[in-house]
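Q: Just so you know, the protein sequences line up as chains S and H, in that order. So in the numbering used here, spot 2 of the first sequence is number 2, and the numbers just go up one at a time. Take any residue in the second sequence, note its place counting from 1, add 315, and you have its number in the numbering used here.
Simulated from the structure, these hints should not be mistaken for lab results. Worth double-checking, as some hints may not be accurate.
[Stated by the list, open to error] According to the in silico footprint, chain H covers these stretches of chain S (three or more CB under 8 Å from chain H):
#: 1; region: 73-80
#: 2; region: 86-98
[Unchecked claim] Here are some of the chain S residues that sit facing chain H, going by a computed Cβ distance under 10 Å:
#: 3; residue: F38
#: 4; residue: T62
#: 5; residue: F63
#: 6; residue: G65
#: 7; residue: L83
#: 8; residue: P102
#: 9; residue: Q106
No experiment lies behind these values; they were computed from the predicted model shown. Just so you know, even glycine gets a beta-carbon here, dropped at the ideal spot from N, CA and C.
The lines below spell out each chain.
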Amino acid sequence: MIKRYPLIGILSVVALFTNATVALSEDQIYIPLISKGFQHQFWQAVKTGADQAAAEFGVRITFEGPDNETVVDRQIDMLAAALANKPQAIGFAALDSQAAIPLLRQASEAGIPIVAFDSGVDSDIPVSTTTTNNRAAASLAADKMAKLIGGKGNVAVVAHDQTSRTGIDRRDGFIERIQSNYPSINVVTIQYGAGDQLKSTELTKAILTANPDLAGIFGTNEGSANGVVNGVREMNRRGLVVIGYDSGKAQKDAIRNGLMAGAITQNPVGIGYETVKAAVFAVKGKTLPLTIDTGFYYYDATNIDDPEIAAVLYD
Amino acid sequence: MTASVKPEYHKTLFFRLLGIGIHQKLLAFASLIILLIIFSVTSPNFMQTSNMIAILQAASVNGVLAIAVTLVIITGGIDLSVGTLMTFCAVIAGVVLTYWGMPLPLGILAALLAGALCGLCSGTFVAKMHIPPFIATLGMMLILKGLSLVISGTRPIYFNDTPGFDQIARGSVIGELIPSLPIPNGVLILFIVAITASYILNRTILGRYAFAIGSNEEAVRLSGVNTARWKMTIYALAGSICGIAGILIASRLNSAQPALGLGYELEAIAAVVIGGTSLSGGRGTIVGTLIGALIIATLTNGLRVLAVAQEWQTIVTGAIIILAVYADMLRRKNTA
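So here's chain H without its partners, still in its complex pose (with noise of 0.2 Å):
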């Protein structure tokens, strides 16, 4: 029936005002609230306040992961590291904090720059040494987990000794201006981070270069460019969001878990071509890989709540993760 709706439906007024970028988002966005109202309707105890409170947070640490991730997918590179690199840095700031008993500030310092660092060499492995990037961070992803288990002695490092550790995540500044809505901060991180990102990606010389080398690294290199020297920032600023994961993921659990980590960078890259982002790189936003990470915790959340067999949680999963991104093509090729 909707087969004889012209393409020119798209062309309405309002969505050549915003624009293709918009437009896309939409489709996300659109899954996203379909989601949540199939979900509503077929549970009664789907919609409220503390669950959607639970959803925000379960995507929280995968929506960070999931913005370093995009950074790093949009030069046309893949960063397998990121989870394993969240636990390394959580591993530094319970080193720093707990073994050392330094002041919160320089325990979160410390894993920022850890992170940014791992990312560094990532860069430099893939940028200067010309290794590919599914290799160069495999690696980092092997060595990081090495690392983290080595620093910690394999046991977790508890934060009971650093007063407001467990608060940077669990606590609530939106909760005490409104005590209605008791979002957590660990959501709050979530967003500024996404904002950063965003006017990084759109609104400095590092996004467009980012961009650029995407689209066509020679082009950009032969026109002058340090390429190498951009897509080295990338990933070490890639690398120090993973640290902000790392201190949010530490402060969730009270602790850094040295063996977690792994499996966590294939749900972040899922988010992210969830939101729309070509794993070819040159093309993709942050919004969208938001809204991605919001798509894959309302799902898991949802299909709990529904009470749906664990067998076919994942199934259902990655069935839609693969419709997704099916619908998300479909759609490019209409408008293309």
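In isolation and in its complexed conformation, chain S is listed as follows (with noise of 0.2 Å):
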């Protein structure tokens, strides 16, 4: 049979081996998850504060995502597919803000409550969003560098886009603050170098040479960060304030080895953590907040190894 009909024999073997996999109990509460992404170590973060939270509340999760952020369609399919499953709630984390609302209005239609996590939808259907405060975040970041720097002199920023939500609220969050709170700090230049490290480092080389008395300088997400460390090291300016945003083992690095000073983590794990409670909250028809914050923390070389920091940095 399986010689003749090798085909045959293995679609029974998948099917023996899914069958024990999916045990469906009927009065658990099902919430699939789809996120932007799986196998990124942010994104496997979140998964495991999504499965901390369905093991709370006793809930069904699955975690699914696409293999880039680029596949638009192929996230609609496994919104599609988790939707046949007829669960009681999702967590979607939307690749475009909109290409996805004419199925999420069909689930919102059928009953089925929608939290939006990491970034938002362009539409009210979403019960909640659970997403880290960034212009909070950039705000705490400036903060940090009026402290290291004295309160007065010249800083940067180096941005990793000047469109998508995240680089604007990190952008405008420091500025903001740096120009409420401290008057004589002066922020002399933003430059966006797309979250590109090399890009980011040219960037930073080009900057420090323009301003010979710069104090320090804002890196807003992971590649930008280690763009700005780059820079710093090759133009050898010692003493240079950098803060940076997200983890990674760069940035670690660089934290731990005093090129950096410190850095903004988010809290992937509190994101999938908060999406399955408020799904849960949704589905036993709690009211939720339009949106969840999930968290964020700065780190330094004094805390880097906390146990609660620890759990937030990725490698």
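Reconstruct the complex from the two isolated chains, following the hints.
A: Structure below.
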């Protein structure tokens, strides 16, 4: 049998093994999470948080995401398959803020509450959005920067882009705090390096050449921050205060060996946890705030190994 | 136990009447049915109208791309640029409709023309400049990926100002006639493209030359046929079919996503191969490709509905692609 019809053979094997994994119990709440990614450390941390909440509230979750952040249509196919299982609620991190709206509307009309996570959807369909308050996080970076450079001097921003929500919020959160609270600090330039490490390195070197008296630089995401560190190292500028964003091995090393003063980290575990928690609350008919801040931390060489911080950092 | 079944089993009158061509499709078709049965048995939520429609919809873009690649593969070539060409055509439609504010038919026409023109470029590289198809279309794949980003300014172009655009793939003409069967237009378009391509391959001189060139290009050339011209025509035709795929995906997402497209060519080629088309050219069917695309969509959807861990989904899909092609080869050996 197997010899003549190998296809049938393997399919039966697949069927047996999948059957075992999907012990659907009818009364358990089922919440699929469709994320923006799957294999990146950031998304795995989100999954960890989601699993924690699932265990705590006794619900069943699945966590899926496309291979990269460009395949918008594949993410919609994932959402369609998730809807087929008649879930009680859905967690969704949209790759494109508009493309999934017809399907989300369909879900919403079928009475399935949707919790958006990480990034929002351009509509009022989601009952709540769990995300990092990037603006507040960047203001914290501004406070730390001001303290480290002694409340006066020139600083620069190397941002990842000027169009995405995170790019705008992090840049504006930093600049607005400096302008409103620290009149003796001057933001001399804002440059955009697309989150590309090499591009950000070149930008940083140009900034340092143009501003020999610069006291500090804020890099708004992992690639930007690493680029800033590279640029400062290649120009051999000691004593310049660098503050970064997110984590990753390079950034953690830079903080440990003093090239970077510290960085803001989002709380991906918290994003996952709060998303599942909000979905459970939505199923139980509780009202939810429109946005749920999942929190952020500032970490530096002194607290990088604290369990609370280490849990939300990734390599 | 079944080892005792002799090859004569296949030679019943029924199969002889249908001929070998149909016979080959039967195997792929049987695999599809088996998949559907297995998933229906293992998950109570799999077999419902809305999920079947989701599968058809997931197969529509890949199916159209796979049909385009089938044409090229039959001539003994390959087209790696179909995915990014699709995106390029979607972006062109976005520029014409959203940036220039032209009426809908012009946008569609522009996408199809852009596709045909790019296909013609690939065809020229292959047929006139004798660059191996793999390299020529690899180059085109990268050029088109870059062009899409440049033209769109690396931002998605939305079609909110073009009323009716999202209905091209999302709307349902069938659903208006039969409300219980809301099959999206995108699926309808896939089948129309399939029927047209099948007609061209089997009933026109272009189709005959495509098979002939794929079997023995030198012989065809020596009998006085301008093979370069026919090959270029096939690549251009494949390109315009990618234009249709571009319109489909843009309509489905109501936006042209300029970064998307890389990797779609491999999934299309997988559908072609599962459908029994030979990568060495000269042999293949559109029906097979269509079934291949449906198998991939069913498998992907079914594994998701079963909530198989994502790591395992890709492993299972890969294994099934290899097995499907192996089964087809075994069958071919038996009937040869």
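Q: For every hint, state whether the structure bears it out.
A: Hints versus structure:
no., hint, in the structure
1, 73-80, "holds (count 5)"
2, 86-98, "holds (count 3)"
3, F38, "holds, 6 Å"
4, T62, "holds, 5 Å"
5, F63, "holds, 8 Å"
6, G65, "holds, 8 Å"
7, L83, "holds, 7 Å"
8, P102, "holds, 6 Å"
9, Q106, "holds, 9 Å"
Violation of the numbered hints given earlier is absent; every hint is satisfied by the structure.
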